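For what it's worth, the numbering used here labels the leading residue of the sequence shown as 21, then goes sequentially.
Don't take each hint at face value.
Stated by the list, open to error - DSS-like, lysine-lysine: derived pairs with alpha carbons at most 25 angstroms apart:
| id | residue 1 | residue 2 |
| --- | --- | --- |
| 1 | LYS100 | LYS126 |
| 2 | LYS126 | LYS52 |
| 3 | LYS176 | LYS161 |
| 4 | LYS72 | LYS100 |
| 5 | LYS72 | LYS52 |
| 6 | LYS72 | LYS113 |
| 7 | LYS113 | LYS100 |
| 8 | LYS126 | LYS72 |
| 9 | LYS176 | LYS157 |
| 10 | LYS157 | LYS126 |
| 11 | LYS100 | LYS157 |
To be verified - Ranges between beta-carbon positions, derived for each pair:
| id | residue 1 | residue 2 | range |
| --- | --- | --- | --- |
| 12 | LEU36 | ARG144 | 27 to 33 angstroms |
| 13 | GLY163 | LEU36 | 30 to 36 angstroms |
| 14 | ASN181 | LEU36 | 51 to 57 angstroms |
Treat the hints as calculated values from the structure; they're not laboratory data. Every value quoted in this text rests on a predicted model; they were computed, and no experiment measured them. Beta carbons: idealized from backbone N, C-alpha and C, even for Gly.
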Amino acid sequence: EQGFSDFLKRYPEHVLASDASYHLARSLRARKRYSAAVDAYVAFAEAYPASKEAPEAILYVARRLESMGRLSESAEHFLKMAALYPAHDSVSKAYWQAGYNYYRAKRYDKATAAFQRLPERHPRSYLGPKANYWAGKSAEKHGALQQARQNYTNVKERYPNSYYASRADLRLNILSGSTA
21 EQGFSDFLKR
31 YPEHVLASDA
41 SYHLARSLRA
51 RKRYSAAVDA
61 YVAFAEAYPA
71 SKEAPEAILY
81 VARRLESMGR
91 LSESAEHFLK
101 MAALYPAHDS
111 VSKAYWQAGY
121 NYYRAKRYDK
131 ATAAFQRLPE
141 RHPRSYLGPK
151 ANYWAGKSAE
161 KHGALQQARQ
171 NYTNVKERYP
181 NSYYASRADL
191 RLNILSGSTA
């Protein structure tokens with residue numbers, strides 16, 4: 021760790037500085053110095069956003085913050101990764117996890133927005149029905165019942181054969197005052 025830190029201080033513009041920064045973060049992580057690793061990965065991703073490791077660094081930060089119970093911060097990092105690297109393989113999962121972490125943090129308005137981004141930006145994602153349904157649940161939690169109805173209706177119309185279509189139908193019946 022000290023060697024990587026010394027190198028970065030002496031040669032911040034060196035062609036290998038991005039590698040040193042990334043390996044410093046990995047070393048801290050391997051030594052279970054998780055808070056320091058989070059800081060190092062954030063510094064790496066901000067300094068070298070074009071690096072092929074940057075999206076994974078942001079995902080690590082998001083997951084580590086989640087494991088530390090810092091759910092809203094975690095969600096922000098999932099959304100940051102999705103915004104900066106929209107073609108990355110994990111974008112759909114990042115939107116899902118952001119919404120779920122906001123939901124767990126009782127930030128229902130932000131959860132709704134995060135869940136809705138997934139099917140809007142990745143309509144063919146296998147997570148689409150789930151995200152639409154949970155957008156409805158989140159909207160219900162923050163009192164946006166019309167928005168909740170719309171999300172549930174979207175699930176039924178776009179994904180009629182999914183598990184979440186039947187769940188959405190139940191929620192729509194409950195919202196309309198009927199359980200039949």
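Worksheet entry | Distance restraint between LYS72 and LYS113, which requires alpha-carbon spacing of 25 angstroms or less | Holds: LYS72 and LYS113 sit about 18 angstroms apart, inside 25 angstroms.
Practice prompt. For the pair supplied as a hint, LYS126 and LYS52, confirm whether the alpha-carbon distance does not exceed 25 angstroms.
Written response: Violated, at about 29 angstroms.
Item to complete: Mind checking the alpha carbons of LYS157 and LYS126 for me, to see if they're no more than 25 angstroms apart?
Response: At roughly 12 angstroms apart (the allowed maximum being 25 angstroms), LYS126 and LYS157 satisfy the hint.
Practice prompt. Please work out if LYS126 and LYS72 have their alpha carbons no farther apart than 25 angstroms.
Written response: violated, 34 angstroms
Worksheet entry | Distance restraint between LYS72 and LYS52, which requires alpha-carbon spacing of 25 angstroms or less | holds, 24 angstroms
Worksheet item: Do the beta carbons of LEU36 and ARG144 sit within 27 to 33 angstroms of each other?
Response: violated, 40 angstroms
Worksheet item: Under the criterion that the straight-line Cα-Cα distance not exceed 25 angstroms, is the pair LYS176, LYS161 satisfied?
Response: Between LYS176 and LYS161 the Cα gap is close to 20 angstroms, so the pair holds against 25 angstroms.
Worksheet item: Do the alpha carbons of LYS176 and LYS157 lie within 25 angstroms of each other, as the hint requires?
Response: holds, 14 angstroms
Fill in: Given pair status - LYS126, LYS100, alpha carbons within 25 angstroms
holds, 20 angstroms
Practice prompt. May I ask you to test the hint 51 to 57 angstroms on the CB atoms belonging to ASN181 and LEU36?
Written response: 52 angstroms Cβ-Cβ, so the 51 to 57 angstroms window holds.
Discussion item. Hint check: LYS72 vs LYS100, CA-CA at most 25 angstroms. Holds or violated?
Written reply: holds, 16 angstroms
Worksheet item: Holds or violated: LYS100 with LYS157, Cα cutoff 25 angstroms?
Response: holds, 23 angstroms
Comparing the model with each numbered hint stated earlier shows that hints 2, 8, 12 and 13 do not hold.
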